[in-house]
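Engineer: Protein chains in written order, with my numbering: chain A, 20 to 467; chain B, 20 to 467.
Accuracy of the hints is not assured; some may be wrong.
In this list, chains with the same sequence are indistinguishable; a pair is considered to hold if it fits within one copy or across any two.
To be verified - In silico EDC-like cross-links for lysine to aspartate or glutamate, where the CA-CA straight-line distance does not exceed 20 Å: (1) LYS69 to GLU191; (2) LYS460 to GLU335; (3) LYS465 to ASP372; (4) LYS460 to GLU430; (5) LYS465 to GLU42; (6) LYS53 to GLU109; (7) LYS460 to ASP372; (8) LYS465 to GLU336; (9) LYS294 to ASP77; (10) LYS460 to GLU42; (11) LYS294 to ASP47; (12) LYS294 to GLU335; (13) LYS460 to GLU336; (14) LYS465 to GLU335; (15) LYS465 to GLU404; (16) LYS69 to ASP161.
The set of hints was computed from the structure by calculation and includes no laboratory data.
Because the structure is a prediction, the values reported are computed rather than measured.
Protein chains: 2
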Amino acid sequence: MDPIVIVGGDAAGMSAASKFKRERPERDVVVFEKGEYVSYAACGMPYYVKGDVESLDDLLTVSPEEFVEERGVDLRLHHEVVDVDPEAREVTVEGPDGRFTQPYDQVLIATGAHAVVPPFEGMDLEGVFTMHSLPEAEAVRDYLTAEAPEAVAVVGGGYVGIEMAEAFAAHEVEVHLFEMLPHVLAPFGETVAEAVEDHLREQGIHLHLDTAVERFVGDTRVTGVDVGDEVSDVDLALVGVGVAPNTELAEAAGVELGETGAIATDAYGRTSRAKVFAAGDCAEARHVVTGDPDHVPLALTANRAGRAIGQTMAGEETPVGDIAGTAVVKAFDLTAARTGVIDEDRAREAGFDPVSVTITAASRAHYYPGAEELTITLLGDRDSERVLGAAMVGREGVAKRIDTVAVALHEGATAHDLSYYDLAYAPPYSPVWDSVLTAAKVLDGKLG
Amino acid sequence: MDPIVIVGGDAAGMSAASKFKRERPERDVVVFEKGEYVSYAACGMPYYVKGDVESLDDLLTVSPEEFVEERGVDLRLHHEVVDVDPEAREVTVEGPDGRFTQPYDQVLIATGAHAVVPPFEGMDLEGVFTMHSLPEAEAVRDYLTAEAPEAVAVVGGGYVGIEMAEAFAAHEVEVHLFEMLPHVLAPFGETVAEAVEDHLREQGIHLHLDTAVERFVGDTRVTGVDVGDEVSDVDLALVGVGVAPNTELAEAAGVELGETGAIATDAYGRTSRAKVFAAGDCAEARHVVTGDPDHVPLALTANRAGRAIGQTMAGEETPVGDIAGTAVVKAFDLTAARTGVIDEDRAREAGFDPVSVTITAASRAHYYPGAEELTITLLGDRDSERVLGAAMVGREGVAKRIDTVAVALHEGATAHDLSYYDLAYAPPYSPVWDSVLTAAKVLDGKLG
Numbered sequence: 020m021d022p023i024v025i026v027g028g029d030a031a032g033m034s035a036a037s038k039f040k041r042e043r044p045e046r047d048v049v050v051f052e053k054g055e056y057v058s059y060a061a062c063g064m065p066y067y068v069k070g071d072v073e074s075l076d077d078l079l080t081v082s083p084e085e086f087v088e089e090r091g092v093d094l095r096l097h098h099e100v101v102d103v104d105p106e107a108r109e110v111t112v113e114g115p116d117g118r119f120t121q122p123y124d125q126v127l128i129a130t131g132a133h134a135v136v137p138p139f140e141g142m143d144l145e146g147v148f149t150m151h152s153l154p155e156a157e158a159v160r161d162y163l164t165a166e167a168p169e170a171v172a173v174v175g176g177g178y179v180g181i182e183m184a185e186a187f188a189a190h191e192v193e194v195h196l197f198e199m200l201p202h203v204l205a206p207f208g209e210t211v212a213e214a215v216e217d218h219l220r221e222q223g224i225h226l227h228l229d230t231a232v233e234r235f236v237g238d239t240r241v242t243g244v245d246v247g248d249e250v251s252d253v254d255l256a257l258v259g260v261g262v263a264p265n266t267e268l269a270e271a272a273g274v275e276l277g278e279t280g281a282i283a284t285d286a287y288g289r290t291s292r293a294k295v296f297a298a299g300d301c302a303e304a305r306h307v308v309t310g311d312p313d314h315v316p317l318a319l320t321a322n323r324a325g326r327a328i329g330q331t332m333a334g335e336e337t338p339v340g341d342i343a344g345t346a347v348v349k350a351f352d353l354t355a356a357r358t359g360v361i362d363e364d365r366a367r368e369a370g371f372d373p374v375s376v377t378i379t380a381a382s383r384a385h386y387y388p389g390a391e392e393l394t395i396t397l398l399g400d401r402d403s404e405r406v407l408g409a410a411m412v413g414r415e416g417v418a419k420r421i422d423t424v425a426v427a428l429h430e431g432a433t434a435h436d437l438s439y440y441d442l443a444y445a446p447p448y449s450p451v452w453d454s455v456l457t458a459a460k461v462l463d464g465k466l467g
Numbered sequence: 020m021d022p023i024v025i026v027g028g029d030a031a032g033m034s035a036a037s038k039f040k041r042e043r044p045e046r047d048v049v050v051f052e053k054g055e056y057v058s059y060a061a062c063g064m065p066y067y068v069k070g071d072v073e074s075l076d077d078l079l080t081v082s083p084e085e086f087v088e089e090r091g092v093d094l095r096l097h098h099e100v101v102d103v104d105p106e107a108r109e110v111t112v113e114g115p116d117g118r119f120t121q122p123y124d125q126v127l128i129a130t131g132a133h134a135v136v137p138p139f140e141g142m143d144l145e146g147v148f149t150m151h152s153l154p155e156a157e158a159v160r161d162y163l164t165a166e167a168p169e170a171v172a173v174v175g176g177g178y179v180g181i182e183m184a185e186a187f188a189a190h191e192v193e194v195h196l197f198e199m200l201p202h203v204l205a206p207f208g209e210t211v212a213e214a215v216e217d218h219l220r221e222q223g224i225h226l227h228l229d230t231a232v233e234r235f236v237g238d239t240r241v242t243g244v245d246v247g248d249e250v251s252d253v254d255l256a257l258v259g260v261g262v263a264p265n266t267e268l269a270e271a272a273g274v275e276l277g278e279t280g281a282i283a284t285d286a287y288g289r290t291s292r293a294k295v296f297a298a299g300d301c302a303e304a305r306h307v308v309t310g311d312p313d314h315v316p317l318a319l320t321a322n323r324a325g326r327a328i329g330q331t332m333a334g335e336e337t338p339v340g341d342i343a344g345t346a347v348v349k350a351f352d353l354t355a356a357r358t359g360v361i362d363e364d365r366a367r368e369a370g371f372d373p374v375s376v377t378i379t380a381a382s383r384a385h386y387y388p389g390a391e392e393l394t395i396t397l398l399g400d401r402d403s404e405r406v407l408g409a410a411m412v413g414r415e416g417v418a419k420r421i422d423t424v425a426v427a428l429h430e431g432a433t434a435h436d437l438s439y440y441d442l443a444y445a446p447p448y449s450p451v452w453d454s455v456l457t458a459a460k461v462l463d464g465k466l467g
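I would like the entire structure built from these sequences, with the hints used as guidance.
Structural biologist: Laid out in structure tokens, this is it:
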């Protein structure tokens with residue numbers, strides 16, 4: 020029987036390969052990866068630049084050797100799949116030894132995403148970086164070390180922008196953060212964004228909100244950021260304005276894309292073409308609250324979907340799982356987290372009648388030393404009384420508290436349900452009514 | 020109309036009184052409290068003895084004045100209800116000005132629990148304490164300050180024992196902890212218990228497991244603990260061997276008790292007698308996993324049930340909510356947490372076919388500084404594949420991670436469901452697959 024072929028050796032691809040081999044060790048799995056790294060922790064790159072993580076090797080979760088020797092995966096580094104032919108069931112590959120075709124029984128497209136390169140003048144100047152791969156992270160750190168810049172521009176106030184602002188600040192350079200929208204961290208809502216912005220300013224970050232970068236200034240090296248009416252002097256610029264799915268290969272194979280621009284998939288990760296799956300940053304997934312396809316390129320989604328598809332390809336049909344868009348980000352001493360739908364307009368578009376509450380509570384019993392303030396916004400639907408989403412920000416206890424709401428979303432819980440869960444309490448860890456319960460009580464009251 | 024009468028002014032009673040008045044401000048609520056404190060944070064007492072909490076006043080969450088003036092509750096301190104007559108619908112009260120009867124429309128019995136006093140010789144010696152009220156906590160701290168003991172005995176390795184061992188150790192006294200069972204923290208299971216025991220020893224606590232105290236030694240003051248074949252010299256002894264529900268009043272009123280010995284209640288907190296409710300440490304509640312009545316005297320349960328009963332008495336029927344027995348305890352630098360059913364024998368008694376897994380994972384991404392080990396035990400049922408319970412122990416990220424499982428229990432989730440929740444990930448807070456997800460994957464594999 021022809022092997023399983025996997026296009027792309029990162030989270031989704033390697034999860035699928037590993038799971039398939041565990042279920043069907045007698046079958047062959049070939050993974051084609053165009054680069055030299057597999058299964059690396061992209062989310063750790065800001066901490067490598069910051070210096071918290073010493074070596075890039077620390078970010079490799081499983082080495083190529085382990086995949087080959089311990090998991091029995093036929094891994095081909097530096098091999099790029101240039102064509103998928105669903106009729107002939109074969110892929111065309113360009114490798115170090117030339118071009119060849121590889122027949123497949125089933126194929127998984129796990130081509131990931133790429134950093135969006137904005138159409139600024141000066142993107143090609145020395146000292147201007149995007150950061151979506153280990154070599155790019157290495158280049159940023161090397162430049163930082165070699166050139167010792169005095170001032171740095173971070174363009175984009177999303178996860179990467181916030182984390183990189185912290186990373187650069189650790190090197191005691193002046194950091195300018197540019198965001199074209201009125202707030203950073205748009206998916207987290209205004210309350211969280213404002214708390215993060217205040218904290219970034221406290222930490223000495225120069226925030227330029229509502230500010231579109233027009234071009235980078237410089238001859239061969241970047242020397243400034245021009246926002247139209249003002250030029251800020253910088254010696255390094257990091258552009259993190261989002262990612263876009265790598266869909267060229269899929270499109271060329273006649274695979275349908277969804278409305279988000281990522282590859283459309285069913286509950287099992289199947290695309291519109293027979294025997295062709297897609298997963299990870301290149302693919303859509305179903306949102307657990309809206310029920311609609313969505314594109315939220317995050318690590319867990321890729322890992323989960325890859326694993327499920329590996330199992331499905333091995334013969335045991337396994338849904339890839341819904342996504343809630345759960346996310347958390349560290350911004351210096353603050354933690355911001357979100358899950359589900361927290362934007363009221365988006366809730367209305369999805370057919371809900373949104374009701375929102377925001378409360379401030381404590382991370383520990385009020386009398387216990389070190390209690391920190393925690394702000395929670397909960398969104399609910401007036402008719403069904405379901406919880407739609409949550410956003411939180413605080414210095415302590417945020418990251419795993421959001422998970423309580425995430426599980427509630429997966430289970431379609433109402434605000435009342437959420438307010439009556441038996442959660443853990445001891446003075447060092449929470450008030451008697453955990454702050455999530457308190458927020459749910461307030462939402463329940465407003466809905467009832 | 021006759022007022023609502025509430026017997027006992029702690030968590031359940033004051034929650035009910037406050038909620039009722041909020042819903043029906045025109046009606047009267049009379050609370051009889053035999054002591055002088057209401058609504059105090061009993062769970063904070065160990066931290067008062069430790070010195071983390073400076074004043075007992077810090078442990079009062081709402082003052083008597085606030086209940087009276089802001090919430091409109093007719094609160095009578097130093098008034099003991101000595102009889103409840105469900106036929107006549109009146110209570111008999113002994114107050115500072117003598118005995119009187121008070122008619123009621125509906126009554127809530129919220130008499131709480133008392134510390135079990137073991138039948139040791141020497142319980143009446145000076146320097147021997149139980150700790151179930153603020154005055155007792157004050158007495159312990161005063162004795163500690165005034166007598167500067169060199170060695171202390173803690174009898175009982177439950178929450179109170181563990182927390183008090185930490186409290187005493189902070190005063191640099193020798194601490195002996197006696198537990199008659201083979202392990203401390205029985206409800207947390209063996210894996211957690213052993214981790215806690217190792218850590219207690221590291222912290223210099225002298226653990227005496229499998230060791231029944233026979234008597235306290237001393238003339239007027241305690242000078243030793245006799246375990247039969249050995250006497251340990253101590254200058255102070257703290258006995259925390261559990262609590263028992265205060266049911267005398269209910270029994271005298273003809274209210275039925277359940278098998279646990281606490282007051283039997285229905286889903287709305289109603290007892291066997293008309294118009295008589297019970298809540299808090301004196302009452303049973305339904306366990307969300309077994310569906311059976313259980314007695315887990317914890318703060319949140321009392322607060323939740325009180326609040327729900329206040330709402331029900333006000334005319335809007337509200338279930339008190341199921342309990343999962345979710346609990347967390349700090350033991351020096353470790354956190355231990357549990358939820359649901361984790362004892363295999365108990366699971367079998369409840370009709371399940373238990374399957375257990377224990378995994379060790381990290382609290383953060385493996386490469387992120389400060390990542391700590393986390394041990395998780397998950398119990399599942401072979402037939403239904405439902406998750407039955409979890410226990411966790413580690414130095415970081417334990418307290419709120421248990422809540423993820425607690426919500427799953429409330430929703431009757433399977434191991435597969437739990438393994439596919441979209442939980443938060445960023446390197447400073449968790450691995451890509453949160454340790455709860457990893458444990459659920461392993462359990463799912465073992466069940467499948």
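Engineer: For the identical chains here, do LYS460 and GLU335 meet the 20 Å Cα criterion within one copy, between copies, both, or neither?
Structural biologist: between (41 Å within a copy, 15 Å between copies)
Engineer: At 20 Å max between alpha carbons, let me know whether LYS69 reaches ASP161 within a copy, between copies, both or neither.
Structural biologist: For LYS69 and ASP161, only the intra-copy Cα distance (12 Å) is at most 20 Å; the inter-copy one is 50 Å.
Engineer: Up to 20 Å between alpha-carbons, please classify LYS465 paired with GLU335: within, between, both or neither.
Structural biologist: Classified as between: cross-chain Cα gap 15 Å, same-chain 45 Å, threshold 20 Å.
Engineer: If the cut is 20 Å between Cα atoms, do LYS294 and ASP77 qualify within a copy, between copies, both or neither?
Structural biologist: neither (35 Å within a copy, 65 Å between copies)
Engineer: How would you label the pair LYS460, ASP372 (within, between, both, or neither) given a Cα cut-off of 20 Å?
Structural biologist: within (18 Å within a copy, 36 Å between copies)
Engineer: Tell me, please, which holds for LYS465 and ASP372 at an alpha-carbon limit of 20 Å: within, between, both or neither?
Structural biologist: Answer is within: at 13 Å inside a copy they meet the 20 Å cutoff, but 42 Å across does not.
Engineer: Checking an output row: LYS460 and GLU336, CA cutoff 20 Å. Within, between, both or neither?
Structural biologist: Answer is between: at 16 Å across copies they meet the 20 Å cutoff, but 39 Å inside does not.
Engineer: Checking LYS465 and GLU42: alpha-carbon separation at most 20 Å within a copy, between copies, both or neither?
Structural biologist: This pair counts as between: shortest inter-copy Cα distance 14 Å, intra-copy 49 Å.
Engineer: State whether the alpha carbon distance between LYS460 and GLU42 is at most 20 Å within one copy, between copies, both, or neither.
Structural biologist: between (45 Å within a copy, 14 Å between copies)
Engineer: Given identical chains, is LYS460 near GLU430, meaning Cα to Cα at most 20 Å, within a copy, between copies, both, or neither?
Structural biologist: both (18 Å within a copy, 18 Å between copies)
Engineer: Should LYS69 paired with GLU191 be assigned to within, between, both, or neither, using CA atoms and 20 Å as the limit?
Structural biologist: Close inside one copy (11 Å), not across copies (40 Å); limit 20 Å.
Engineer: Checking an output row: LYS294 and GLU335, CA cutoff 20 Å. Within, between, both or neither?
Structural biologist: Answer is within: at 15 Å inside a copy they meet the 20 Å cutoff, but 55 Å across does not.
Hint 9 from the earlier list is the only one contradicted by this structure; the remaining hints agree with it.
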